[in-house]
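Chemist: All residue numbers for the sequence shown refer to numbering that gives the first Met the number 0, where the first residue is 0 and numbers rise by one.
Please keep in mind that the hints were generated in silico from the structure rather than gathered at the bench. Since the model is a prediction, treat every value here as computed from it, not as a measurement. Beta carbons: idealized from backbone N, C-alpha and C, even for Gly. Any given hint could turn out to be false.
[Claimed, not checked] Pair ranges (Cβ atoms, derived):
| # | residue 1 | residue 2 | range |
| --- | --- | --- | --- |
| 1 | Ala173 | Asp199 | 15 to 21 angstroms |
| 2 | Ser36 | Gly161 | 34 to 40 angstroms |
| 3 | Asp199 | Pro104 | 22 to 28 angstroms |
| 4 | Gly147 | Gln28 | 26 to 32 angstroms |
| 5 | Val201 | Pro109 | 37 to 43 angstroms |
| 6 | Arg138 | Pro109 | 33 to 39 angstroms |
| 7 | Asn85 | Arg212 | 30 to 36 angstroms |
| 8 | Tyr146 | Gly181 | 19 to 25 angstroms |
| 9 | Pro82 | Ser36 | 16 to 22 angstroms |
| 10 | Gln63 | Ala182 | 16 to 22 angstroms |
| 11 | Ser69 | Gly91 | 16 to 22 angstroms |
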Amino acid sequence: MRILLSTIAAVSLALPATAGPVSFANGWQEQRLSLFSSNDYSFGSNLGLVSEGAVSIAWTRVGQADWGSSAASWGWSVEQSVPPTNLANKGGDDRNISLYFVFVPESIAPSLQGANIRSLLGNDDVRIIQYAWGGNHSRGQVIPSPYGPSGQGVTIALRQAGTGSHSESVDLAADYARAFGGAPGALVGLAVSGDSDDTDSVIRAAIGNLALR
Numbered sequence: 000m001r002i003l004l005s006t007i008a009a010v011s012l013a014l015p016a017t018a019g020p021v022s023f024a025n026g027w028q029e030q031r032l033s034l035f036s037s038n039d040y041s042f043g044s045n046l047g048l049v050s051e052g053a054v055s056i057a058w059t060r061v062g063q064a065d066w067g068s069s070a071a072s073w074g075w076s077v078e079q080s081v082p083p084t085n086l087a088n089k090g091g092d093d094r095n096i097s098l099y100f101v102f103v104p105e106s107i108a109p110s111l112q113g114a115n116i117r118s119l120l121g122n123d124d125v126r127i128i129q130y131a132w133g134g135n136h137s138r139g140q141v142i143p144s145p146y147g148p149s150g151q152g153v154t155i156a157l158r159q160a161g162t163g164s165h166s167e168s169v170d171l172a173a174d175y176a177r178a179f180g181g182a183p184g185a186l187v188g189l190a191v192s193g194d195s196d197d198t199d200s201v202i203r204a205a206i207g208n209l210a211l212r
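Produce the complete structure using the sequences and hints provided.
Modeler: This is how it looks when you write it as structure tokens:
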């Protein structure tokens, strides 16, 4: 994992400087999705994860000053990968690492400042964009989420299953318009997950230098 995190640091140096850096050292919590398994997360200058036939989410709230964010950038690295899967298949959609952006209408954002991730995911007004490293899809493909209410969430494929280190820069506003139509509301939450339970495989991955703008 030390090699993985040092690789992330090197990738991060290549990313452009942006406003709104997101700390991985404080404010993150794990949300189990299964009673019997969870990932191992390490929090600090980067977020590292190890997933062994498991799945869970690490999440944090976004400060009000960044609710209007319309773009993001980060670096991530995978040292050990799940096999390619179909991210549209419920119960068969393992992926190495995903970064979630959780949006709500601006009018209700203040009332949801204390909501946990389960409450947000169960709210019909919430919209979620999940950028994924995994699967066998072409880059930029928008895949409706097989989970939750129809039309609430999408996965956008960025990297197919495999190892390596990459930097990413995404236009949240443009991707929101492609996925849901219209403009995004307030960005109130972020989450990171690794999913290896369907293929009973192992993931070693990390993400860092996340910035909102």
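Chemist: All hints, please: hold or fail.
Modeler: Status of each hint after checking the structure:
1. Ala173 x Asp199: 15 to 21 angstroms: Violated - the Cβ-Cβ distance for Ala173 and Asp199, about 37 angstroms, lies outside 15 to 21 angstroms.
2. Ser36 x Gly161: 34 to 40 angstroms: violated, 24 angstroms
3. Asp199 x Pro104: 22 to 28 angstroms: violated, 40 angstroms
4. Gly147 x Gln28: 26 to 32 angstroms: violated, 20 angstroms
5. Val201 x Pro109: 37 to 43 angstroms: Hint holds: Cβ distance 41 angstroms, inside 37 to 43 angstroms.
6. Arg138 x Pro109: 33 to 39 angstroms: With a Cβ separation near 36 angstroms, Arg138 and Pro109 satisfy 33 to 39 angstroms, so the hint holds.
7. Asn85 x Arg212: 30 to 36 angstroms: With a Cβ separation near 33 angstroms, Asn85 and Arg212 satisfy 30 to 36 angstroms, so the hint holds.
8. Tyr146 x Gly181: 19 to 25 angstroms: At 22 angstroms between Cβs, range holds.
9. Pro82 x Ser36: 16 to 22 angstroms: Since Pro82 and Ser36 have Cβ atoms about 18 angstroms apart, the given range 16 to 22 angstroms holds.
10. Gln63 x Ala182: 16 to 22 angstroms: Roughly 18 angstroms apart at Cβ, these two residues keep to the hinted range, so it holds.
11. Ser69 x Gly91: 16 to 22 angstroms: violated, 33 angstroms
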